[in-house]
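Going by my numbering, the sequence shown runs without a break in its numbering and finishes at 980.
Hints may contain errors.
[Unchecked claim] Think about it this way: if two alpha-carbon atoms lie no more than 30 Å apart in a straight line, the pair counts; the simulated BS3-like pairs of lysine-lysine are: (1) K956 - K890; (2) K890 - K968; (3) K890 - K959; (4) K952 - K964; (5) K959 - K911; (6) K956 - K968; (7) K968 - K907; (8) K952 - K907; (9) K952 - K911; (10) K907 - K964; (11) K890 - K907; (12) K911 - K956; (13) K959 - K907; (14) K952 - K968; (15) K890 - K911; (16) K911 - K968; (17) K907 - K956; (18) K964 - K890; (19) K952 - K890; (20) K911 - K964.
These are calculated hints, taken from the structure and not from any lab test. Source: prediction; values computed, not measured.
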Amino acid sequence: MANRRKDRRLKSVAVYLPRILYDAWLSKLSAKELALAMLPTSESELTGIEPGDRSEFDIVYMQMPVWWHQWYKDLSKEDKFRFGKLVLKRLRSIGLIGSSI
880 MANRRKDRRL
890 KSVAVYLPRI
900 LYDAWLSKLS
910 AKELALAMLP
920 TSESELTGIE
930 PGDRSEFDIV
940 YMQMPVWWHQ
950 WYKDLSKEDK
960 FRFGKLVLKR
970 LRSIGLIGSS
980 I
């Protein structure tokens with residue numbers, strides 16, 4: 880955790896996001912709101928989520944902290960899709976994205 884505070888460099892990373900989340904980000908969400916929902920998670924939080932159909936996802940290039948990039952890079956491809964669904968679930972649970980989306 881101490882390294883996260885010291886290293887504030889950013890690195891471009893390709894992130895798999897559900898298309899509906901990406902569309903909401905373009906029209907409703909701020910980059911800060913999306914980034915906060917993308918904080919790393921425990922593997923147990925990912926286990927109950929289906930990765931979904933890959934055609935539902937877009938690849939989005941984002942500038943993220945180096946420590947986040949390393950964490951995301953170490954996920955399996957299936958877990959990256961699960962994580963995209965988890966971010967969508969988190970934003971719905973706090974009301975930033977409606978459940979109808």
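Each hint tested on the structure:
1. Using a Cα cut-off of 30 Å, the hinted pair K956 and K890 holds, with the two alpha carbons roughly 19 Å apart.
2. For the hint linking K890 to K968, the alpha-carbon distance of about 25 Å falls within 30 Å, and the restraint holds.
3. Simply put, K890 and K959 have alpha-carbon atoms about 17 Å apart, close enough for the 30 Å limit, and the pair holds.
4. The straight-line distance between the Cα atoms of K952 and K964 is roughly 17 Å, inside the 30 Å bound, and the hint therefore holds.
5. Taking the CA atoms of K959 and K911, the gap is about 20 Å. The hint holds against a cut of 30 Å.
6. The suggested pairing of K956 with K968 holds, with an alpha-carbon distance near 19 Å, which does not exceed 30 Å.
7. In summary, the hint linking K968 to K907 is supported, as the alpha carbons are separated by about 16 Å, within the 30 Å threshold.
8. For the suggested pair K952 and K907, the alpha carbons sit about 27 Å apart, so the restraint of at most 30 Å is met.
9. The hinted pair formed by K952 and K911 meets the criterion: a straight-line CA distance of about 21 Å does not exceed 30 Å.
10. Only pairs whose Cα atoms come within 30 Å are accepted, and K907 paired with K964 is accepted, the gap being roughly 18 Å.
11. Proximity of K890 to K907 is assessed by CA-CA distance (about 24 Å); at most 30 Å being required, the pair is judged to hold.
12. Pair hint K911 plus K956 holds up; C-alpha atoms about 25 Å apart against a cutoff of 30 Å.
13. For the hint linking K959 to K907, the alpha-carbon distance of about 23 Å falls within 30 Å, and the restraint holds.
14. For a cut-off of 30 Å, the pair hint linking K952 to K968 stands: about 21 Å separates their Cα positions.
15. Distance hint between K890 and K911 is fulfilled; the C-alpha atoms sit about 16 Å from each other, no more than 30 Å.
16. For a cut-off of 30 Å, the pair hint linking K911 to K968 stands: about 17 Å separates their Cα positions.
17. The hinted pair formed by K907 and K956 meets the criterion: a straight-line CA distance of about 27 Å does not exceed 30 Å.
18. Restraint check for K964 and K890: satisfied, since their Cα atoms lie roughly 23 Å apart, inside the 30 Å limit.
19. A hinted pair counts as satisfied when its Cα atoms are at most 30 Å apart, and K952 with K890 qualifies at roughly 12 Å.
20. For the given pair, K911 sits about 18 Å from K964 by alpha-carbon distance, which is consistent with the 30 Å threshold.
Violated hints are absent here; each numbered hint is respected by the structure.
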